[in-house]
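Could you slot chains C and G onto chain X? The hints should help.
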Amino acid sequence: MNRSSVLLKGIIKENPVLVLLLGTCPTIAITYNVMNALGMAVSAAIVLICSNIAISLLRKLIPANVRIPCYIVIIAGFVTIVQMLCEAYFPAIYKPLELFISLIVVNCIILGRAEMYASKNSVLDSFLDAVGMAIGFAVALIAMASIREIFGSGSFLGFEIPILKDYNIPILGAVPPNGKVYGFGGFFVFAILIAIVNKIMSKKKKPKAEFGCEGCPMADSCNKTECEKEEAE
Amino acid sequence: MKEFILILVSSVLVNNYVLSQTLGICPFLGVSKKLNQAVGMGMAVTFVMVIATAVTWPIQNFILSSFDLGYLQTIVFILVIAALVQLVELFLKKAVPALHKALGVYLPLITTNCAVLAVCINALKDNNVPDMGSATFLYALLYAFGSGIGFLLAMVMFAGVRERIAASKPPKAFEGTPITLISAAIVSFAFLGFEGLFSKL
Amino acid sequence: MNKSIKSIIVLTCICLVVALSLSLVNSITAPVISKHAGDEAAKKLAVMLPGSDLEKLEFDNGKFPSIVGAYRDKGGKGFVFELQTNKGYTGGDIYFLAAVDLSGKIIKLEFNNYPETRGTADAFVNLYTNKNIPVTDTLGGATVASGAIKNAIIEASELFSNYATLEVSDIVSAYPLMPSIMPYAKTESGDIGQKELEIPDGAPSTITGIATPSTGAGYIVTAKSGEELLVLGVNPYGKVFYMSDIDGNDMLQNPDHAQIIEDVESLESIYKKNHNSITDLMIKKEIIASADEAKEVDFGKISSNVVAVYELTNGTAFIAAASGYSGRITVCYVIDSDGNVVDYATLEQTETENHYDGTAYGTEISFNSYAGRFDGLTVDTITDETLLIAGATYTTNATKNAWNDIKEAYAALTQEAE
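Sequences listed follow chains X, C and G, in order.
Residue 60 in our numbering sits at position 60 of the first sequence; the count goes up by one each step and never skips.
Residue 34 in our numbering sits at position 34 of the second sequence; the count goes up by one each step and never skips.
Residue 291 in our numbering sits at position 291 of the third sequence; the count goes up by one each step and never skips.
A few of these clues could be false.
[Stated by the list, open to error] Only pairs whose alpha carbons sit at most 25 Å apart, straight line, appear in this in silico SDA-like list of lysine to any residue: (1) X:K204 - C:P171; (2) G:K6 - X:P69; (3) G:K285 - G:T313.
Calculated from the structure, these hints are not laboratory results.
Please read these numbers as outputs of a predicted model, since none were measured by experiment.
Same shape as in the complex, but just chain X:
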């Protein structure tokens, strides 16, 4: 695999959210405005890139039987650092995302890439993979958030759009400024996005995005055979 494809695959072909269907929780929960999406994208990117580099550096040292706890500690460490820095220097962005920055630690994308890629590849490759995945995640988040904010609240990045503001559909996003966030919008817009991606993929004869065992970082410990047996029943 040449260097550029390592980087690029994360953006489109193996987009973590839209194709691999990982990290759906923040995608659905916080994308009611674009500012949140940007904040989350940047935070997740920092954690992803740093942890990929760290785990790749240590991949020869960490014994296989404790690798998951080690990865968790390292990832949690970076998440906490991002949390502290964000709370201290960007409090306005931190406030709506408070819980979800903590939840980056269980984001399947990060644990998944650590387990499936960083633990088996060189530091440079891991870095590029992380950057690609981070960009892919950001693309998905911002796409979702743009749709939800423009049509849900009639604004973009907090700036109101004159005509749309009067015709907004609150159920798609949230009632500003700190009102109820509607889960409906999240699920719905996500569905539309994936349908679009599926349409594009089907033209290229690629397999459709499906939830299941593959993307799951616990796949190895999950004992694949048992999983398939359940599916077969």
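Same frame as chain X, now just chains C and G:
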């Protein structure tokens, strides 16, 4: 007594983790295809949520806060959850193998379930129910239990919905994940109806 | 065995490295974060007393257990108290902020944590705002919570008196006399609902305060005559009908204070304001076409809720104001010399809006159908039944009080004429 009901109603219906707070989506969408899977996962999640809260709540309030180590919360909590899941799996394998066979494959997935970590963090907050005042350990446990039951409820309901989906023919591009998500959207919309419950209680 | 030991060592090392880096970052960010929290808290306090520059006050926590924090405005706007008590009904912490001005009046009350019965927090805010500390009222049905909150406020007023004299302004000290001066001007709850008015620019320096009951049926003025503080009762026209000292001893005929009567009656801008608004309302409700059609009739000493009397072309218009459910209700009856009610209008009301079940409640008095009730009736044929609005007791009582007083005024005027 009234507080118990308030907490339960709040965490199961009004602030349902999956359908109102949109957390715990991965297992919700991945494991709700069949009813027995849904029930198994729901019960396992509830179990882990309650025990995890039982362990993390005292840790936060007696150790982390006392020594000003609040920043270690994320690490400590996730390690506790991961360790708990391993322990539970080992225990079930030895003690109740039948249950382990049924639930076992889902247990590792619970570690990465955002809802579990979210419940542990949220159980510490005061005002999980409006006008409730400060949280106590018992309320926290009740909150965790309610959240788990809410998750189970959402899973079971959705398993039913998915059986119907499986029998229908959506447009090509929507087959599979998108139509599942749209159904989830509609179910979550329905749950909005519980919003007004508090003013009536 | 070796493998396990190696695993544990590696894991422990990673944990240690992570923990150390975290504590390093924490030492940098923690002060920044707590400063933000401090700013947030300061902002919340500043909102209580807008435009103030607050400084923290030191006090003995043992002596004032309910006071979490006390702050004084360096600019003299007043104080902000952070109060906390767990002596309420549920035993949970009631945490609230109170902003008090220098005269001891509670300007703003905000509850930040309220574990008691839902909704009573708002009731407490309504009950205690604009009252002077220490408060004496309690909320019906929430006795224990009232006691807890009241006692917390009493502690605050004790601390307050360490820094400022609980000075009661002249006009406030006259409030206890109001029930005897204006016995009819009470709301359903027995409260007169005094509203303090601003002393107009250029008023004589002897005037120290002006207030009016919520019904607007007259004025109370306090004035300083030499060293003596006098309380005067003024009818809506600006005619003094009552004067006494602060203890209620009648001074009306006292020649030493004659100047004061002149001073008080000179405050035309206060009194005139009332009248323009009444004729405007009469024009709006089509009782008259223009202000020229109404000639003021001076009916002397006020003894009722009647606010004004005008001579119109088709009869005499009596305007009365009484306290309904949500506020002042002003009604206008036009009665001719034979006692027929020739016109009626509800000039002002702020009663309960339409319910979703279709009943209009108090607002019915604004409907044309209500005015139609008086068609063909006379002073003697209007009964309680005529005025009854089902389901709106307070509103009905207000209209009854207003009508009874108008009936009296009509009788007095016709007797005079005879």
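Verification of the supplied hints:
1. X:K204 - C:P171: Answer holds: K204 (chain X) to P171 (chain C) is near 18 Å, not above 25 Å.
2. G:K6 - X:P69: Answer holds: K6 (chain G) to P69 (chain X) is near 14 Å, not above 25 Å.
3. G:K285 - G:T313: Status holds; Cα separation ~16 Å.
In the structure shown, no violation is registered for any of the earlier numbered hints.
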